[in-house]
Structure formats: C-alpha cells, structure tokens
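**Student:** The chain contents come next:
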Amino acid sequence: MEKSLTWKEKIAEKMPAELAREIDIFEQQMELRKQGKIDEKVFAETRLRRGIYGQRYDNGQRHDGNRIQKLKLPADVIKGPDTLWDAPGMMRIKIPFGGLNPEQLEVLAELSEEYADGVSHVTTRQDIQYHFVHIDDTPSLMRRLAAVGITSREACGNVVRNVTACPLAGICRDETFDTTPYAKACSRFLLGHPDTQDFGRKFKIAFSGCQQHPCGLVTMHDMGAIAKTRVVDGKEKRGFALYVGGGLGSVPYKAKLFDEFLPEEELLPISQAISRVFARLGEKRNRARARVKFLIANLGIDEFRKLVLAERQKLANDPRWTAHLPSVNEQTEEPLKAGVSLNGGERPDGFDAWYATNTYKQKQPGYVAATVTLPLGDASADQLRALADIARRFVKDTIRTTVEQNILFRWISEADLPEFYRAIKAIGLGAPDAATIVDVTACPGTDTCKLGIASSRGLARELRYQLGEKSLQLDEAVKNLRIKVSGCFNSCGQHHIADIGFYGINRNVKGFQVPHFQVILGGKFHDNAGEYGVPIGAVPSKRIPEAVLSITEYYVRKRLKDERFQDFVRRIGKKEIKDLLEDLTKIPDHDVDRAYYSDWGDPREFTLADMGIGECAGEVVSQAEFTLAASERELFEAQLLLDAGRPRDAAKTAYASMVRAAQGLVKAQDPGISEDENQILAEFTSRFYETQLFWDKYAGGKFAEYMFKAKEFIGAGKAVDADRAVQLLQEAQLFIDAAHDCHNKLRVGVASAVKLDSIAQTSA
Amino acid sequence: MELQKINVKVFTAEPKVPLTDFIDVFHGWIQATDGVYLDVADYSHMQAGPGIVLVADDANVSIDETDNRRGLLYSQKSKMSGSNLEKLSTVLRSALENCQRLEQEPALRGKLRFLGNQVEILVNDRLVAPNTGEAFEEIRPEIDFLARRLYSTTNFTLLRNQQDTRLRFNVTISTPLSFETKTLLNNLQAI
Numbered sequence: 001m002e003k004s005l006t007w008k009e010k011i012a013e014k015m016p017a018e019l020a021r022e023i024d025i026f027e028q029q030m031e032l033r034k035q036g037k038i039d040e041k042v043f044a045e046t047r048l049r050r051g052i053y054g055q056r057y058d059n060g061q062r063h064d065g066n067r068i069q070k071l072k073l074p075a076d077v078i079k080g081p082d083t084l085w086d087a088p089g090m091m092r093i094k095i096p097f098g099g100l101n102p103e104q105l106e107v108l109a110e111l112s113e114e115y116a117d118g119v120s121h122v123t124t125r126q127d128i129q130y131h132f133v134h135i136d137d138t139p140s141l142m143r144r145l146a147a148v149g150i151t152s153r154e155a156c157g158n159v160v161r162n163v164t165a166c167p168l169a170g171i172c173r174d175e176t177f178d179t180t181p182y183a184k185a186c187s188r189f190l191l192g193h194p195d196t197q198d199f200g201r202k203f204k205i206a207f208s209g210c211q212q213h214p215c216g217l218v219t220m221h222d223m224g225a226i227a228k229t230r231v232v233d234g235k236e237k238r239g240f241a242l243y244v245g246g247g248l249g250s251v252p253y254k255a256k257l258f259d260e261f262l263p264e265e266e267l268l269p270i271s272q273a274i275s276r277v278f279a280r281l282g283e284k285r286n287r288a289r290a291r292v293k294f295l296i297a298n299l300g301i302d303e304f305r306k307l308v309l310a311e312r313q314k315l316a317n318d319p320r321w322t323a324h325l326p327s328v329n330e331q332t333e334e335p336l337k338a339g340v341s342l343n344g345g346e347r348p349d350g351f352d353a354w355y356a357t358n359t360y361k362q363k364q365p366g367y368v369a370a371t372v373t374l375p376l377g378d379a380s381a382d383q384l385r386a387l388a389d390i391a392r393r394f395v396k397d398t399i400r401t402t403v404e405q406n407i408l409f410r411w412i413s414e415a416d417l418p419e420f421y422r423a424i425k426a427i428g429l430g431a432p433d434a435a436t437i438v439d440v441t442a443c444p445g446t447d448t449c450k451l452g453i454a455s456s457r458g459l460a461r462e463l464r465y466q467l468g469e470k471s472l473q474l475d476e477a478v479k480n481l482r483i484k485v486s487g488c489f490n491s492c493g494q495h496h497i498a499d500i501g502f503y504g505i506n507r508n509v510k511g512f513q514v515p516h517f518q519v520i521l522g523g524k525f526h527d528n529a530g531e532y533g534v535p536i537g538a539v540p541s542k543r544i545p546e547a548v549l550s551i552t553e554y555y556v557r558k559r560l561k562d563e564r565f566q567d568f569v570r571r572i573g574k575k576e577i578k579d580l581l582e583d584l585t586k587i588p589d590h591d592v593d594r595a596y597y598s599d600w601g602d603p604r605e606f607t608l609a610d611m612g613i614g615e616c617a618g619e620v621v622s623q624a625e626f627t628l629a630a631s632e633r634e635l636f637e638a639q640l641l642l643d644a645g646r647p648r649d650a651a652k653t654a655y656a657s658m659v660r661a662a663q664g665l666v667k668a669q670d671p672g673i674s675e676d677e678n679q680i681l682a683e684f685t686s687r688f689y690e691t692q693l694f695w696d697k698y699a700g701g702k703f704a705e706y707m708f709k710a711k712e713f714i715g716a717g718k719a720v721d722a723d724r725a726v727q728l729l730q731e732a733q734l735f736i737d738a739a740h741d742c743h744n745k746l747r748v749g750v751a752s753a754v755k756l757d758s759i760a761q762t763s764a
Numbered sequence: 001m002e003l004q005k006i007n008v009k010v011f012t013a014e015p016k017v018p019l020t021d022f023i024d025v026f027h028g029w030i031q032a033t034d035g036v037y038l039d040v041a042d043y044s045h046m047q048a049g050p051g052i053v054l055v056a057d058d059a060n061v062s063i064d065e066t067d068n069r070r071g072l073l074y075s076q077k078s079k080m081s082g083s084n085l086e087k088l089s090t091v092l093r094s095a096l097e098n099c100q101r102l103e104q105e106p107a108l109r110g111k112l113r114f115l116g117n118q119v120e121i122l123v124n125d126r127l128v129a130p131n132t133g134e135a136f137e138e139i140r141p142e143i144d145f146l147a148r149r150l151y152s153t154t155n156f157t158l159l160r161n162q163q164d165t166r167l168r169f170n171v172t173i174s175t176p177l178s179f180e181t182k183t184l185l186n187n188l189q190a191i
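These protein sequence lines are chains P and R, in that order.
With my numbering, you'll find the first sequence wraps up at 764, consecutive numbering, no jumps.
With my numbering, you'll find the second sequence wraps up at 191, consecutive numbering, no jumps.
Just so you know, these hints were derived from the structure itself, not from any lab.
Incorrect hints may have been included.
Okay, derived cross-link-like pairs now, SDA-like style, lysine to any residue, Cα gap no bigger than 20 angstroms in a straight line [stated by the list, open to error]:
#, chain 1, residue 1, chain 2, residue 2
1, P, Lys10, R, Val128
2, P, Lys72, R, Phe156
3, P, Lys34, R, Phe156
4, R, Lys79, P, Pro139
5, P, Lys425, R, Lys182
6, P, Lys72, R, Thr33
7, R, Lys182, R, Leu159
8, P, Lys254, P, Lys314
9, P, Lys72, R, Met80
10, P, Lys70, R, Asp34
11, P, Lys10, R, Thr33
If we take Cβ atoms under 7 angstroms as the criterion, some of the chain R residues that face chain P in the derived model are [what the hints assert, rightly or not]:
#, residue
12, Ala41
13, Val53
14, Glu97
15, Leu115
From a predicted model like this one, the values you see are computed outputs, not experimental measurements.
For every residue, glycine included, the Cβ atom is placed at its ideal position computed from N, Cα and C.
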C-alpha cells in the first residue's frame, strides 16, 4: 500500500518535464500569494493563465432569496480582487481542436469526482470545465492532467485561448483538407509564446476545413483560418483564407478577410506577427474595447494588414513555423476496425431516429462519425468512463468535443453502429437529438458564472424537456433549428449565431425585478457563423418556452416553400415578430403568481445582488509585474533549496532571482529585453543604476550593489556555506523589494534620481 | 492509511419525489442556516448523475442518482482529525442526520423513506485509497466494527465493487434486516 506518496511523486515520470516544472512554479506562486508576497491582481491573472477561474459567490456572499448571507469561508487570504481563497472556483481545461483519447476521458472522470462535483462540462469552445473546485487542489489536478498530455495553461486570461477546429476535420466529405495538424501546430506554437503574453484581452483562434459548414465558426473568432488550395506552377498548394477581428460579446463583429490565400508555411509566422501587433497596439486600459476586433475596427483592415506584414518581415526565422508541414498529409488517425456498411443488420428500438440525427457518413467508405449528445454539455464520471470503454471497443483515439457541447466518435465501422447505439443508450446518452432544436446550447449563466444575469442552463433544461417531448411532432423545418442561450450579453452561449438565441437581462415589473431573455432571431450557424441574429425584444424568462412555440408555429404557417428561417425572419421583419410576442411580454402581478419573479430551477426571488465582477477580461498585468512576481517565486525556490541543505544551489537561485527582478524593471521600458544575463545587467545598470532611478533615498545604490557582488561571488565559483547563502537570500529579498518600489514609482510617474544629500545625511 | 474525503450514500426506497423537488428543499436549508451552504447545483437533466447537490465548504449533501440508485450522498470535503473509525462514524452520522432531516421536511413527509439496510462508503481520494483488495483489507476492520455498531448485529455483509478498479474505493454494507434512520443514529451513539 502506498501511504505517503503525493500525486507529484507518484506520477513524476509520466509528466512532461516542462509541464511538471510549470506546475511546480504555480504551486510556489500559490504559496507566495498566501504569504502576501504576490500582489492579488498579479496572482489573479497568474491563476487565470493556468485555467483557474472565479465562480459565482466567491466574494463570500450570496443572496438566499430573503437576504444576503455572508458565507462561512475563511476571509484572510484572497486569490484575486474580492475573491476568497477558499471559495470554490471553476477550472477550465484546454482541449485543442477538441481531441481526446480514452485514457484522457478516464482521467477527466476521476478528477471530476475527486476535485469537482462529479460533472465534466463541455464548453462552446471545445474545452472541459469543472465547477466547485478548491484552488488548493489545482496543482494535483493539473499534474494528473499533465500525465495524460493535457494542460490547462492559458485556458483563461488575456492570452491565446483554446484553438478550436471543426470536429469533422479529416473525415468531412466537403473539406478542402484536414486542418487538424495545423490547429495542433498553432496551438503548440502559441502556447506560452513570449509574443502572446502581453495582450489586453483574450485571443481566440478557430480552424475550418470548408467555407460553407458551421463547424469551425471561423468568422466569429479573433483569428480564423479556412482551408484553401491553389494551383501554383501546376502544383496544388495548401493555404488558408485568413480572417481576423471577429467576435461575439455584446456587440458582435464579423471577422474581416486578412488574406484570401495565406500559404500554409506562413500560418504560424503571421499568427505570431498578429500577436505582436495586438500586444503592442491593442487597448489595455479599457477592457471593454480591448479585443483585437476593436483594434482592427479602429485601424481599418488595410492598415492592420500593413502593420502585421511589416511585423512579419522583422521576425527572425523560427524552425517551428514549418516543423509540422512534412507530416500534414499523413493521416493522423487510424480506425480500429475495417469499414463495413450497415447492410440491413438488426436495428434496436430507437436506432433509426438516432441514426438520422446523430451520425455522419465519413468520406472514408464504410466509416461513420457519431455524435453523443450530452444534455447541457454535462457528462458524469461514470458516463465518461463508459465512453472510454466504448471508444476502446469501437474506435481508437478518435474522440472530439464539439462547440455544440457534445462528443463526437469518429471512425466507427458502420456495421457496428447498432451495437454502438446500444452502448451509449445504456448510459443515458442515446438521445436522437444532435443538431436539432432539442439540443440546446447554453453557457453556465447564473448557475456558476459571476456575470450571469439569468439562468441560461435552467432555461435550456426546460426547453430540452418541453421540446424533447414534442420532438416527434415537430415540423421538419423546425426540427433542425438551433437554439443557443447565454446568461448575459457576453455571448458565451453564442446566441448571436443561433436561429433562435436568447441572452439574459433584468426588467423591472411594477417594482419587482423579473428575469427576462432578449430574443435574437435569424442568426446563422452555417457558413462558419455566417450571419448574426436580429434582436426582437425582451420576454420574461418563464414565458420563453411559449415564445419558442409561438415563433416556430408561425414559421411553419407563414414560411414560403423551402424558405429558411433566416430568410423568413428577414422577410417578415422585426415588427411582425415583435407583435407576435407582444402578449408573452406580460406577466401576472407579483401577488398573483410569484413564479414569474424567480428563475428556472431557482426558487429564490430574482435579484441581481449576486452578480460580481467577471474574470473573462482577466487582469491587465504588465510583463514587468509578471517578471517581478517571478523573481519572488525564484527567491522562494532558493529558500526551499537552502532548507533542503543545498546552499550553493540556493545562492545561485537567489542571484538568479535578482537578475529576474532587474529584468522586470527593464521590461517596463523595453518589453523586448532578452533572457541573456549580461544584457539584462547591462541594461539595468545603464537604465536604473547609473541614472539612480533604482537608488533608495537612504541606502543609495546599495541594493543594486548586492546584485553586482552576488554576480562576482557566484562567478568566482567559491564554496558556499549555509551562512553565506542565508546572507545572499536576504540581500536578494532587499533587491527585489527595491525593484518593486522602483516599479511603483515608475508607474505613478514619480521616479527620479534620488538626491545624494539625503544619503549623505543618513550616512552621517 | 489515513482516510480523508469519506463519502457515505444512504439509499432511498422507490423514488416517489421528483428530483427537482429537492431544489426547493435545499434552498430552504440555505435560508435556515447562516452561510454554511454555498449553492445548489441542479443536474436533474443527467441520467444516473449527481442529481441535486447542496454545496458547502465542509461537506456536500446531494440527492445522488449514480448507478440509477437514488440516495443521499454525504461527501466530506474538509480535512478531518481523529482515527479512521472516528472519521467514518462521524461522516456516517452526518449522512444519517441529513437523511432524517429530509424525512422530516414538510414537503417530503410521507413521500421519502430511506432504506436503512444498506449504506455505501466511498473514499473520494484514489491516492489515499485506491479501489483495490489491499486497501479493502486494510480498512476492513474499521468498517466491520462500524457495521456491527450500526446494525447491532453481525448479520451483515461487506461488498466491494471490484469489477472496475477505476472506481473510487467503495464498500457497501448490507443487512437483510430493516432499520429506520432514527434507530441507526441511536446505534451510532455508542461509538
């Protein structure tokens, strides 16, 4: 029986060294935050960049329907502004292009049980999220993910988020080519890249294999790439139509064409150049206008393109730009079994309906991809383990999450489909509703999100229930419509691109707050999120199911032959639909029926009192601040080395922490400062020491001299005993404190060379 | 083995109460306490899922439907002190107290009954307690002792689900006799 091992020890050999080191560093940063040695904003952005997000009520209070309760949580440590350390939070896990294998499913299942509430939630960007996670559990959680090749790094925060891609990539009958290798390369290249660390807001990337289908949702992304080919000198060449500056949010922007054919070898360098331009020119102070869409709108696409291309020219060649290209033509996936067609085998009850909605014939003969619909994107641990077993039985490592919050199994031999269906039905996941009006997409909303206004999941659950009961009677034209629900205007539920979209708002009815949803009609999921919907008006939350029925029945009655829903909405116009919904905007008075004054699945009287400050925008933390925080962490590591009886290593690490702090200061003036020690010292000396900006009013240049002397000492290779190491650590702490002081002075603009007479006075 | 994160599930008789009815009950519990409970999570849309979860910092209480068997699951989260037996009996007692509280809820009275003759113990930490025979043998004396006290008899069985080692450590204590939660709580007083 293993008794004393930690997860870190137990799975040390399974973790990639780089990931293991990153997690160790984060664990040290947590410890420093507990000691108050890392600023709360810096730590907030640090944890966000590790995927650790805040959650509703993490400010330590909650409205119980009658009054605001102060939650019984320790309040002495916080993990960000107004965010209690012990309050449960959300953990987002990046799944690049949605790709998963059975082993990963099993680990996700285990972690959801041990660290969350037993549920793995698939997001609208192919991530996995856990809720109700304690931050103290996150290092172990991250290590166990790392052991199966998954990272949560940069899943949140002002960085490049999960790179998404069409889940049918590689098997799609209409794709130009498989974008999977490109999405994977892009994800790896930009993860932690120095040029992506200084954004004012997040940056989302998507890949699509074709123009016409929705799967990639390219045009609603900060950067989107659609596969293209072109014949050059008689040879077919691969490339991408590259789009930039799309985004949903409160005001949706459609991405603009940056290049109609960007050669494949230019994809990564141009991504890097775009990142550099965004980092340099993007808004940093006003977070509401900090996405790249606003920068492009301000500059114009032509000027933005010009700047990016100029930046591209400045980039030194990086072999990673093209390292993936020799293998992009190799098939990345293998089937488990030979492809055999269905050919009249036995069909279980319910199979035909499921087959019609949940399967897709691959371009490879005899193979089918099957969508396992997860209600509201949720899967239990048992379900995930069962899905891992099912994957091993029918396919290999060919599982993908989808932006519609489902899981797609690829490469199923068609003859196996009846057995596959039986297997998923047995675990409650055999509903025949993929890509139908019943398969409602929703963001977390007021269930867990600090920004949520209304219960998007509550509404989605109700619509699933009501529409599911009617699904067999629904007109075919209605059956294939998409409903998407967001809890607020920020559009995490992607309501703008739904046929019928909703986002949560609050309305006052005779002095009472009432949850409402704004109705958005006519968005286009197809054509890579081809059009955004039209706002119609607000309807009380509890009357939304009636509104859906009213709209869909009207559509069936009034549509022209084969008229699509988008065309119908635009033809009849906003006024007619608004009139249609007019009766549904009214609710009984509060004393007649209080049900309308609470939200779906929540008996509390509706209030906005629980809304907090969202963390979607992250904290704008400069690279200088991050580097100063890193110096603190290195000094902490030096102390651990000293405690472990390694004074020489401790001394070297203490010196390194001083150099790191000096680098932080230089970064405030020159963000491009290299990692070269000598260059950092030279720049620090000329910019801060010789100018006396770093000097202390009383101690003069003493603290800087600690670093210079430490360099000499370490360089001389002398023996280091524990006393000398302790002294060096103390000097390093003083140096880092002085660096923080200097940085603060620079920030508020009061830094100036100190007057030497004050030094003389104190010395005297 | 030093046990932590002990979970106890007490099964209900035939589920007569719609799962969503527990949402209102749990919100009522929140109102009746002062900051102990953090939230109610609704997973009623999932088959055989976590059901309705009343989240707290110390321990969650949920109406759990794992394996399509409804029961009250008490999930200890915060670190406990004492011997393994003390921890096991404390968590079991807390679970039964919550069962009793639910049975006494006006909205559920007469509709909800817990089957006292079967209790599942889980350890929600695979590092401390993997689902292995070795772990079972190590923990068995404490669970055996606890079961004797709980049922005041030796007429019980301990069964571990050993078909799937991926599961959390679990032992189900079953007896052919029938018990009410009140009796079980009284029996536990002796520990």
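**Student:** Compare the structure with each hint and give your call.
**Tutor:** How the hints compare with the structure:
1. As the CA atoms of Lys10 (chain P) and Val128 (chain R) are separated by approximately 12 angstroms, the hinted pair is consistent with the 20 angstroms bound.
2. At most 20 angstroms may separate the alpha-carbon atoms for a hinted pair to count; Lys72 (chain P) and Phe156 (chain R) exceed this at roughly 39 angstroms.
3. In summary, the hint linking Lys34 (chain P) to Phe156 (chain R) is not supported, as the alpha carbons are separated by about 48 angstroms, beyond the 20 angstroms threshold.
4. For the hint linking Lys79 (chain R) to Pro139 (chain P), the alpha-carbon distance of about 18 angstroms falls within 20 angstroms, and the restraint holds.
5. Distance restraint check for Lys425 (chain P) and Lys182 (chain R): the Cα-Cα separation of roughly 39 angstroms exceeds the 20 angstroms cut-off, and the hinted pair is therefore not satisfied.
6. Annotation: proposed proximity of Lys72 (chain P) to Thr33 (chain R) holds, straight-line Cα distance about 10 angstroms (limit 20 angstroms).
7. A distance of roughly 24 angstroms separates the Cα atoms of Lys182 (chain R) and Leu159 (chain R); the hinted pair therefore is violated under the 20 angstroms criterion.
8. Restraint check for Lys254 (chain P) and Lys314 (chain P): not satisfied, since their Cα atoms lie roughly 29 angstroms apart, outside the 20 angstroms limit.
9. Taking the CA atoms of Lys72 (chain P) and Met80 (chain R), the gap is about 17 angstroms. The hint holds against a cut of 20 angstroms.
10. Taken as a hint, the Lys70 (chain P) and Asp34 (chain R) pair is honoured in the structure, with Cα atoms around 7 angstroms apart against an allowance of 20 angstroms.
11. For a cut-off of 20 angstroms, the pair hint linking Lys10 (chain P) to Thr33 (chain R) is broken: about 41 angstroms separates their Cα positions.
12. Of the supplied interface hints, the one on Ala41 (chain R) holds, with its beta-carbon coming within about 6 angstroms of a beta-carbon of chain P, less than 7 angstroms.
13. Given the 7 angstroms rule on beta carbons, the hint for Val53 (chain R) holds: about 5 angstroms separates it from the nearest Cβ of chain P.
14. Annotation: Glu97 (chain R) was flagged as interfacial toward chain P, and the flag is violated, the nearest CB pair being 18 angstroms apart, outside 7 angstroms.
15. A least Cβ separation of about 21 angstroms between Leu115 (chain R) and chain P goes past the 7 angstroms threshold, and the interface hint is therefore violated.
Of the numbered hints stated above, those contradicted by the structure are hints 2, 3, 5, 7, 8, 11, 14 and 15, listed in ascending order.
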